[in-house]
Amino acid sequence: MTVQAMVPRMTEICGPGGVVSDPAELRTYECDGLTSHRAAPGLVVLPQTAEQVAAVVADCARAGVPFVARGSGTGLSGGALPRTDGVLIVMSRMRRIIAVDPVSQRAIVEPGVTNLAVSTAARPYGYFYAPDPSSQVICSVGGNVAENSGGAHCLKHGFTVHHVTGLQIVTPEGELTWLGDGTGAAPGYDLVGMFTGSEGTLGIVTKIVVKLTRIPQVITTLLAAFETTGAGGAAVSAIIGAGILPAAIEMMDALAIEAAEAAVACNYPAGAGAVLVVELDGPEADVRRDSAAVRELCRQAGCGEIREADDPAERAAIWAGRKSAFAAVGRISPSYLVQDGVVPRTALGEVLDKIAALAAGSGIRVANVFHAGDGNLHPLVLYNDAIPGEEARAEEVSGAILDLCIEHGGSITGEHGVGTDKSKYMTKMFTREDLDTMQLLRCAFDPAGLCNPGKIFPTPRLCGEVPGPRRGVHPAVAAGLAEQF
Amino acid sequence: MPGSLARACRVVRPGGPRDAVAGLTPPWVASPADTAEASALLAAATEHGLAVVPRGSGTSVSWGVPPRHLDLVIDTLRLDQVLEHAAGDLVVRAQAGVTMRQLAGALATARQQLALDVPPGSGNGGQTGSPTVGGVLATGSAGPRRLRYGTPRDLLIGITVIRPDGTVTKSGGKVVKNVAGYDLGKLYTGSRGTLGLITEAIFRLHPLPAATAFVTAGYADPAAAARGVAAAAGSELAPVAIELDRPARHGLVRVAVLLEGDPAGVSQRASLMRGVLGAGTATLDAAPSWWGASPGARGPGSAGRAAGTVIQIGFWAAALPGVLDAVDAAGRAAGLDPAVAGSAAAGVLHAAVPGSAAPEDVAGFLAGLRERLARDLEPGLAGGEGPPVRASAVVVRAPAAVQDLVDMWGPVPALGLMRALKDQFDPGHLMAPGRFAGGI
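Line by line, the protein sequences are chains A and B.
For the first sequence, this note's numbering begins at 1 and goes up steadily by one.
For the second sequence, this note's numbering begins at 486 and goes up steadily by one.
Same shape as in the complex, but just chain B:
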């Protein structure tokens, strides 16, 4: 086995404890230098029935369900070139192993950006590494500015992926307007390495704003904070991001709004936004310390939270008050005081409990939360004609003892179609087996 891997790729070594993926140490780690080596590697892996997990910076590779089997980690860090930055076209083509920090630096020289925020709480054991382009696409994660700019799938315009059998395939292209063929970039984004290895991506860019300002507010209770969020989102002041932070059941609920644009205009809008948010407001030049971080990741108890359980809640924005109530009630019932934070106006929040919490309590909290999300959120005006599932609670990461007790993904719509896709793209079920929804 090592022979054929070594023939495919020059840099292959035995895996060690630091290569562990969610507790499983891979026998082998390979670092391809280019697409051709990566293709040969995957072909060899498939030929020998090896289970593969791709890894970039590794900032989130151990989150989520461990792989059922693991024989080979493919490290993409040698694919580290920004291949082409067409500033006049606002397009960049980069290899999957380019870090977001490296990319931001390259683009800033032309006063441009890939308008994606690094996901909250990246890093192992408290250090913050910079995720790679491939990692951000594979996890599909986004941060505060998703409200205005979208998530990775909205900014990706072309992608090169190596299928498990080694076939190199492209979809999309170098232009933003492009509807030729199926948009496989949408399928690969968020696929967590289960369909193939991403080696290159092409993104549409935006200009860096001339000025930014953060308007912050503090509220005594969640309902008031939710009203502030809705008012900011419904204003004409073009907010780029609206974040909420509730570190504990008692204490202030904080809201912050990001504004961008012309300096004079931003200043004027910031004053108006303070009026919209109500009393207790301030305008800041820089983001508050909790902005874009994992809930409760800063301040007291943060070390415990770093190793704890984080749950991503997706919901229709009008349900914000109900979601905050659901977290509160489920927390109380389980004897926990979860921290909640996130992109409240975009319908995405994270709830976190520390690693010190008893696993049964965490499991009880999750079950109670999911039950309340399904039952208590208003059906809305659609009266039963809308999507039957209108909220989700997915465990992003959790200690092993918690994972043993819970279903990390929860209910997933159209799982049957997802299985059919997996069977077509990875018939051998060798790519990150078991890590995805429904045990895919």
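Only chain A is shown next, with the shape it has when bound in the complex:
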């Protein structure tokens, strides 16, 4: 069946207001936050209940039509890139906060709820939802589950997988089922842990049980200016080496600061080669002791100005520069690529130097913003697509940065996901056997290969095939499902 032939049935399930088939409207869904990859979906549906999602998926499964789920569309790896021959299931109408249970430190939410809305709902009880991607005002919890999203506060508070204890999902065959029971101690295999971060390829989340975290007694944020990223990096090492575990340690280099200044006038210390934003949270005495120690260690590393704030408005002002960074580079460059590599923290200095060398050698500027505490880099590779060849050079630099991360024992993606964008790098990080083993999961959940196909893995595994040396044409290539390169 073609996807267009499904319109009547989809309208029956989701109501006339829940189906989009007009070509111009379909184009508005053609990409997520990774705007370089676009494909208009064959059809868009906007279900309002878990049962509707299940019915949609069951029909797709019966018809052999692929489907892709989309949250708020803020993803940076093309995980919600639609299939032109498939259905895009948009979850944004499912945005109820079903329950908040502060004594159990849990909340139950629908996948379309924004990340920040969870914290807002929990605040009256003295709790918040800890994983906080920079896009938290818009990004959806369902999307966070798909990508195992992080944010600035992962260093101390962990990321999404540490804060999800139960998931209701629609399986790729269209069945509604719960994984886990919300306790975090459910018997059997940890399906919740395994599903989180699977980038929408194992099913669609329809309800999420999240863990809530007690709001700390005191939160203080420091801003420290350094002459170089090397000096900033030395401060970071010293802080960690002293046994201090801040809630967040972020770093920005001069180019990123320049962009942020232009965008939000954050008023960071003028002329700084790098700034560190260090956040400490917890009981008062511990935070005061740690803050004094951090100041001293920054001074020893040669910092210039240090500011500190524990008033929420002043803290927000310090964070404004960091949080605006990605969007801000748009003011100093017509186009840019965002990367998401990770290196061991101890290799940060060396890797930053090498990135600087790459930038200098290629004539492509790179602004660096990163979660210094856990080595998660976000190099912003700046280029002007109006200049011939510049985009290609930017892609090369971007790829070379990922190669650097792998060389240093890191990862090609710390929090944005593999999606469409980085599947070609998976073979640099993992062997064929590793990727083959991961895909056993996919075979268990989605043997028909209809659930967000083509994401994560460069070569899909045909389920039921025997692994081993290939003879002749790979079955996936023969079936027209993949190219081998």
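Derived from the structure by calculation, the hints contain no laboratory data.
Covered by chain A, according to a simulated footprint, are these stretches of chain B (three or more residues, beta-carbon under 8 Å):
1. 635-643
2. 664-673
3. 871-877
4. 902-913
Only a predicted model underlies this, so the values are computations on that prediction, with no experimental measurement involved.
Glycine is no exception: its CB is placed at the ideal position from the N, C-alpha and C atoms.
For chain A, the structure is supplied; the task is to place chain B on it using the hints.
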């Protein structure tokens, strides 16, 4: 058969009574020296259709359901190297046969730790061995500090596993922030040896705290103790662990809270925590004797309890009073007086009855407990939209006579998907067959 095993692995010997796994003596025990030998061993085992059970220190290998078949025990103790400790990155890479005690010693020299507590009541016949890294991952068990630091799956960042056909595979890596590919570490943690052999693991570490203090309280009744637990958990005092101990129906219910951090700060918070917990409190420098132990494992009747039945109860923390009532009522109905202890604020408790209890009574207690957990715990604010199953009672270990009468695992959500996973990872059903949920 011995020929191909011997070709795969230099150290292979016949199994003896001390190698028995839940009463089954394996014909063969092999001790691979490295990943390559372990891989060859598993490949040979699969080729000959041998049922395999991995074993580390053996501290919990005989707990739970016996394997349906057992031909080969793979002993991981020769995989005993701490391969890499990157102190500046707070990361350690260790082979599966490293014991937790050995690892703690290696990390303490840099004032760091793997923040996992050895599971309650490890050891056979009263002696306490130290579990291995592989064992802790395979059982997924955790102790009091799970409240703050999580369980093994929260601290594992990379893993090497040998699939039943001998393929060596990795997932994750050496950095904490890593979402490249599926996180198979989550699947292997708690999988009890049913999906493959873990040979290496990479963990994220934490600094050792500068100071610790334990604040204890005693309550006359469970309801008051539950209120104390909730108050401590909801405070701003950042408790690292909150444990409850109720050795018998009558007598004090004890609660203890662990605090960590700056010495002056810990001292101040301990005083405040005493106010939160109410009267009858004290501050201690060391853990109380019952901390992290199996319920009723110390004191009168403890020898009997060591050979008895232990049930792990998982629940939403707000249901604590209901869970304590359920244990009480089900115990009375069965003529038993179960001991209860555990991580009350984290929603995990253990109930224990001695080996001397009549098996039918134990079975009756378990059935009554499960029924009450399903029926009597408040549905909560979700009004039917939350998970339909919100508590579990799994038998961790029991004498054979009790096992014959009960379903050790109880109801397990999404069992169908678990079976599908097993079929993909171990199509021959050779790894620890029958030991897992649903007879997997």
